[in-house]
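Please arrange chain B on chain A, whose structure you already have, making use of the hints.
Number of protein chains: 2
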Amino acid sequence: MGALGTHFLVELNECNSEVLRDLKRIEEILLTAAKKANATVVESRFHQFSPFGISGLVVIAESHLSIHTWPEHNYAAVDIFTCGESLKPHLAISYLVEKLGSLKSSVVELKRGLFSKEGTVLDSIALKEGGRFRHVSGKILQVVH
Amino acid sequence: MGALGTHFLVELNECNSEVLRDLKRIEEILLTAAKKANATVVESRFHQFSPFGISGLVVIAESHLSIHTWPEHNYAAVDIFTCGESLKPHLAISYLVEKLGSLKSSVVELKRGLFSKEGTVLDSIALKEGGRFRHVSGKILQVVH
Chain A
0 MGALGTHFLV
10 ELNECNSEVL
20 RDLKRIEEIL
30 LTAAKKANAT
40 VVESRFHQFS
50 PFGISGLVVI
60 AESHLSIHTW
70 PEHNYAAVDI
80 FTCGESLKPH
90 LAISYLVEKL
100 GSLKSSVVEL
110 KRGLFSKEGT
120 VLDSIALKEG
130 GRFRHVSGKI
140 LQVVH
Chain B
0 MGALGTHFLV
10 ELNECNSEVL
20 RDLKRIEEIL
30 LTAAKKANAT
40 VVESRFHQFS
50 PFGISGLVVI
60 AESHLSIHTW
70 PEHNYAAVDI
80 FTCGESLKPH
90 LAISYLVEKL
100 GSLKSSVVEL
110 KRGLFSKEGT
120 VLDSIALKEG
130 GRFRHVSGKI
140 LQVVH
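The listed protein sequences derive, respectively, from chains A and B.
Residue numbers are given in numbering that gives the first Met the number 0: position 141 of the first sequence equals residue 140, and the series is strictly consecutive.
Residue numbers are given in numbering that gives the first Met the number 0: position 9 of the second sequence equals residue 8, and the series is strictly consecutive.
You can trust all of the hints, since none of them are fake.
In silico DSBU-like cross-links for lysine-lysine, where the CA-CA straight-line distance does not exceed 35 Å:
hint	chain 1	residue 1	chain 2	residue 2
1	A	Lys110	B	Lys34
2	A	Lys110	B	Lys116
3	A	Lys116	B	Lys138
4	B	Lys138	A	Lys127
5	A	Lys138	B	Lys103
6	A	Lys138	B	Lys35
7	B	Lys87	A	Lys127
8	A	Lys116	B	Lys23
9	A	Lys127	B	Lys103
10	A	Lys127	B	Lys116
11	B	Lys87	A	Lys23
12	A	Lys23	B	Lys138
13	B	Lys127	A	Lys138
14	A	Lys23	B	Lys35
15	B	Lys23	A	Lys110
16	A	Lys23	B	Lys110
17	A	Lys98	B	Lys138
18	B	Lys98	A	Lys116
19	B	Lys23	A	Lys23
20	B	Lys23	A	Lys35
21	A	Lys103	B	Lys116
22	B	Lys98	A	Lys110
23	A	Lys138	B	Lys98
24	B	Lys110	A	Lys35
25	A	Lys34	B	Lys23
26	B	Lys35	A	Lys110
27	A	Lys87	B	Lys138
28	B	Lys103	A	Lys87
29	A	Lys23	B	Lys116
30	A	Lys116	B	Lys103
31	B	Lys87	A	Lys138
32	A	Lys127	B	Lys110
33	A	Lys110	B	Lys110
34	A	Lys138	B	Lys34
35	A	Lys98	B	Lys127
36	B	Lys138	A	Lys103
37	B	Lys34	A	Lys23
38	A	Lys34	B	Lys110
39	A	Lys87	B	Lys110
40	B	Lys127	A	Lys87
No wet-lab data here; the hints were simulated from the structure.
All values derive from a computational prediction rather than experimental measurement.
Just chain A, same shape as in the assembly (with noise of 0.2 Å):
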């Protein structure tokens, strides 16, 4: 089984706050994970909402990290989406964790755009639970013409 993207769900829960509704300390953490990540940052727009939370976008050459922030339940869901080998994403992860100071948090694992050895490419994505990945089954989509 060969997969074209690798994507990390982070959830960051109980993190300061304070971070947490900070533009400028957003912008400046996502940036300087993704460079941990040794990933090349095309573009980014990150954007405050009224009243509070923050959302945060970073094109990569090697795909995108996203951050949106709930300042008032202290959480962060993060999103890295990685293709490639070159990239170091738990390095991103890691210090996403300390700079939001996040003392529960996780990450669930994803392979995306798999394909079988032949080639085939398969309507499933892959999970990574208990150190192994499995097949999760999406609802199949029925094309109506």
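What follows is chain B alone, placed relative to chain A:
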């Protein structure tokens, strides 16, 4: 159980590779998909990579949409991350399937930022399989101070 975010992982296989390498069309399609979902588009960025492949990110007031295309594999990975109840992500997904000409596609629905009835944050995500949500515990991260 409540959740702050809903996240759709959309696997689009056997797409029209001409569309997947057309920056302008991918941009139009993803922005129209966001509107079909009833999302409020804040900003968007699209990039063409060499030799081919497009990455697009759309910041919406309700979180984000992303796309990465691999025209050489007729594959695109789309993410739709939403918060709130007002969006219609399924309309966006159907539209994407149709416009990218995907003959084989699937969607996995996740819940992010889970909390218990008592309001305690959980360190898992929930994944919809067979019509029901199942908790998936990621690798718990240790913070070393």
